[in-house]
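*Asks:* Based on the hints, put chains S and V in the right spot on chain Y.
Protein sequence lines correspond, in order, to chains Y, S and V.
Under our numbering, the first residue of the first sequence is numbered 2, with each subsequent residue one higher.
Under our numbering, the first residue of the second sequence is numbered 67, with each subsequent residue one higher.
Under our numbering, the first residue of the third sequence is numbered 2, with each subsequent residue one higher.
Incorrect hints may have been included.
Pairwise CB distance ranges (calculated) [what the hints assert, rightly or not]:
#1 R286/V <-> C45/Y: 51 to 61 Å
#2 N229/S <-> E161/V: 48 to 58 Å
#3 P221/S <-> I67/Y: 47 to 57 Å
#4 Y317/V <-> R15/Y: 35 to 45 Å
#5 P72/S <-> I67/Y: 40 to 50 Å
#6 Y60/Y <-> V120/S: 29 to 39 Å
#7 G190/V <-> G46/Y: 17 to 27 Å
#8 A55/V <-> K77/Y: 43 to 53 Å
List time: in silico EDC-like cross-link candidates among lysine to aspartate or glutamate, alpha-carbon distance up to 20 Å [to be verified]:
#9 K77/Y <-> E75/S
#10 K294/V <-> E154/V
#11 K164/V <-> E39/Y
#12 K164/V <-> E154/V
#13 K294/V <-> E149/V
#14 K78/Y <-> D53/Y
#15 K75/V <-> E245/S
#16 K37/V <-> D252/S
#17 K305/V <-> E216/V
#18 K300/V <-> D126/S
#19 K84/V <-> E75/S
#20 K84/V <-> D244/S
Hints are computed from structural coordinates only; laboratory data are not their basis.
Every residue, glycine too, gets a C-beta built ideally from N, C-alpha and C.
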Amino acid sequence: MIQEENKKMSFIERMKQRAVSQQQYGGKAQDITAGTDESACPNCGAGRAKQDGLTHCAYCGHTFNITTLTDGHYIKKSDNANT
Amino acid sequence: MSQNNPLFEPIHGISLYDYSSANAKLANGVPVEAICSALGVEIPVWEDASQGWVQRMQEDADFIVISEMGTFFAQADQHPKLGHLQPAAGGGNAQNLQLLATDRYFYEELNGARSAAYEAGLDGAQWIQDNYGISLGDFQQVAMQWMEQQKNEAPEEMLQYVNHMEAKRQEYARKFADENGGNIADDVDF
Amino acid sequence: MGLFNWGKSKEEQQQPPAFKSELDALENRLDTFLAKMNERIDILLTGFLQEAPAIIATDDRFGQAYNRFSAAMKGQAGNMREKVQDVSENQIEPVYRQYIDTVSAGSEAYRTLYEWRNRCAEKVSIWEEQLQLRVDQATEQVEYKDYEPVFSEMMHTYYEQCKSVNCRQCGAPLHIQQVYYYTAYVTCGSCQTQNIFEPGVIARDIEHTARKLAEQRSKHFLDLSEQRRKEENEYYRQMHAIQTGLTLKELETQSGPGYQQLLVLEEKRLQAEKEAPELLDKYYRNIFDELNKLLPDLKEHHEKFFVSLQTNYQRYQSKRSTNI
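The following block holds chain Y by itself, in its conformation from the complex (with noise of 0.2 Å):
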């Protein structure tokens, strides 16, 4: 009975393994913690200031976002460019 037992405690053990042990898809989950990204004008470098919204670059009109933005969570209409 006692070495029934331990066969089936390996049934929970090649269990264990096969969960732990496999890739998944789309891979492990990364951890990234919070940090800025790059966010100059790819085209010029300048920095973006508030004031001259987000679609386009204040100083080469490099477009940064082509289409027209609305009222979303954080982003606004009023983040449109002026130009």
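*Replies:* The following block gives chains S and V in isolation, referenced to the frame of chain Y:
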């Protein structure tokens, strides 16, 4: 139906078709940067729009947005800006994908195999990727196409497919169990 | 028993039917089989409860290894359920069908066979219910988490991380004062430059965790609602039992002690039936009140989400008609 309904208004110029196709591509392993560049927006704009679409689906008691999303999802490859995007690893096994889209029995077999894989503690989506070279996004796209077809199927026909899937599920369940030393109660007899 | 056989039909006085010993043997085998299956459930669930905490402790933030482990456990439970179903369909039912046409309806043999089949079916269904209950309990036990400390820890870590986030242009601290659930443009207070702020994975999980916490804080309403629903069912069952025992006179005149009892029960039943959905409403309302407290910037969305959810669960609420 989507005309004149504020629930379908694009968010930051990103329509539900854009959003659905982008999700199909993301599920296929296309990086978010490639999606944004094809749509001509930066990541914060894409994410603000995505969040907006999720919220609209949650706020829509009649599920019309989610249902439209399903239809659009299946048409991702025809999307003018996103349709051509492929993951860096390549488009997968085109022959198997073609078979999945044309042979209902093959599609049902993989559905059954996927269920059996999950029930055996395997990652079903990864199993299909490994064995048939079909990504999750492609699989879901084809699933949406079959679901459209199902609407016109007679009950007997549908039952036939369900039975096929169930038989395959059991067949694969046996295979996956044998690969891992059997089921816990295989030796208990009546 | 000889004395009391007087006046009974000849068939009923007969010895137990020939198949009686076969039925007894089969029923014994079923008992043994189910007992052996129970031992395997013990092994499966003991192992699950033992191993799950270690898997959870080293898992990724989506808990994917645990999800596979738990799916495998449920898969095994399903496999056992299929095995028991198979015995019921292929070992018990055929014997019943084999003999049922050989005995006359209402005879002792018929009753023996019929009761045997019901008893076996009942044993199988109790076994299945127990299995489900034990799987659910084990899952609940393993997955239970107090979300209060989890949530405050997440908020704390997020704001700690934010302290070292500076403007890309001038280097001044960005002074992040709110939770950003995903990437956003954040203006530097010193030089007005737009930064692209990536809040990190913790912030991306906050909304989901807040929901779990809000559900946890509201759970007592859900439990009460469930309890009322069960009570309603129980009153209905008791009423049904009394109704079948009423005399014709009691039924016709709608009076008498039995009928009075019925009225008392109906009143209690109606009360429970009324309260169950009210408590469910309180549960959902409370979730969204809590969410508004936890994530006040999402209040407008929460309110719309609540209305949509409420529309849906109310669609499936119905009332019983008892006709008394």
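*Asks:* Decide, hint by hint, whether the structure agrees.
*Replies:* We went through each hint and held it up to the structure:
As the Cβ distance of R286/V to C45/Y is approximately 53 Å, the hint placing it in 51 to 61 Å holds. In this structure, N229/S and E161/V meet the distance hint of 48 to 58 Å, their C-beta atoms being roughly 56 Å apart. Between P221/S and I67/Y the beta carbons are some 49 Å apart, a value that agrees with the proposed interval 47 to 57 Å. At about 42 Å, the beta-carbon gap between Y317/V and R15/Y stays in the expected band of 35 to 45 Å.
The hint said 40 to 50 Å for the Cβ distance between P72/S and I67/Y, and at roughly 23 Å that hint is violated. Distance hint check: the CB atoms of Y60/Y and V120/S are about 35 Å apart, consistent with the given range 29 to 39 Å. Between G190/V and G46/Y the beta carbon distance is about 23 Å. The supplied range of 17 to 27 Å therefore holds. The given range of 43 to 53 Å is respected by A55/V and K77/Y, whose C-beta atoms sit roughly 48 Å from each other.
This hinted pair checks out: K77/Y and E75/S have alpha carbons roughly 15 Å apart, not beyond 20 Å. Of the pairs offered as hints, the one joining K294/V and E154/V holds, with about 17 Å between alpha carbons and a cut-off of 20 Å not exceeded. The hinted pair formed by K164/V and E39/Y meets the criterion: a straight-line CA distance of about 19 Å does not exceed 20 Å. This hinted pair checks out: K164/V and E154/V have alpha carbons roughly 16 Å apart, not beyond 20 Å.
Simply put, K294/V and E149/V have alpha-carbon atoms about 13 Å apart, close enough for the 20 Å limit, and the pair holds. For the hint linking K78/Y to D53/Y, the alpha-carbon distance of about 13 Å falls within 20 Å, and the restraint holds. With a CA separation close to 18 Å, the supplied pair K75/V and E245/S stays within the 20 Å bound. About 12 Å separates the Cα atoms of K37/V and D252/S, which keeps this hinted pair within 20 Å; it holds.
Distance restraint check for K305/V and E216/V: the Cα-Cα separation of roughly 18 Å lies within the 20 Å cut-off, and the hinted pair is therefore satisfied. Annotation: proposed proximity of K300/V to D126/S holds, straight-line Cα distance about 16 Å (limit 20 Å). With a CA separation close to 53 Å, the supplied pair K84/V and E75/S exceeds the 20 Å bound. Between K84/V and D244/S the CA atoms are separated by roughly 16 Å; this keeps the pair inside 20 Å, and the hint holds.
Hint compliance for this structure: hints 5, 19 are not met, and every other hint is.
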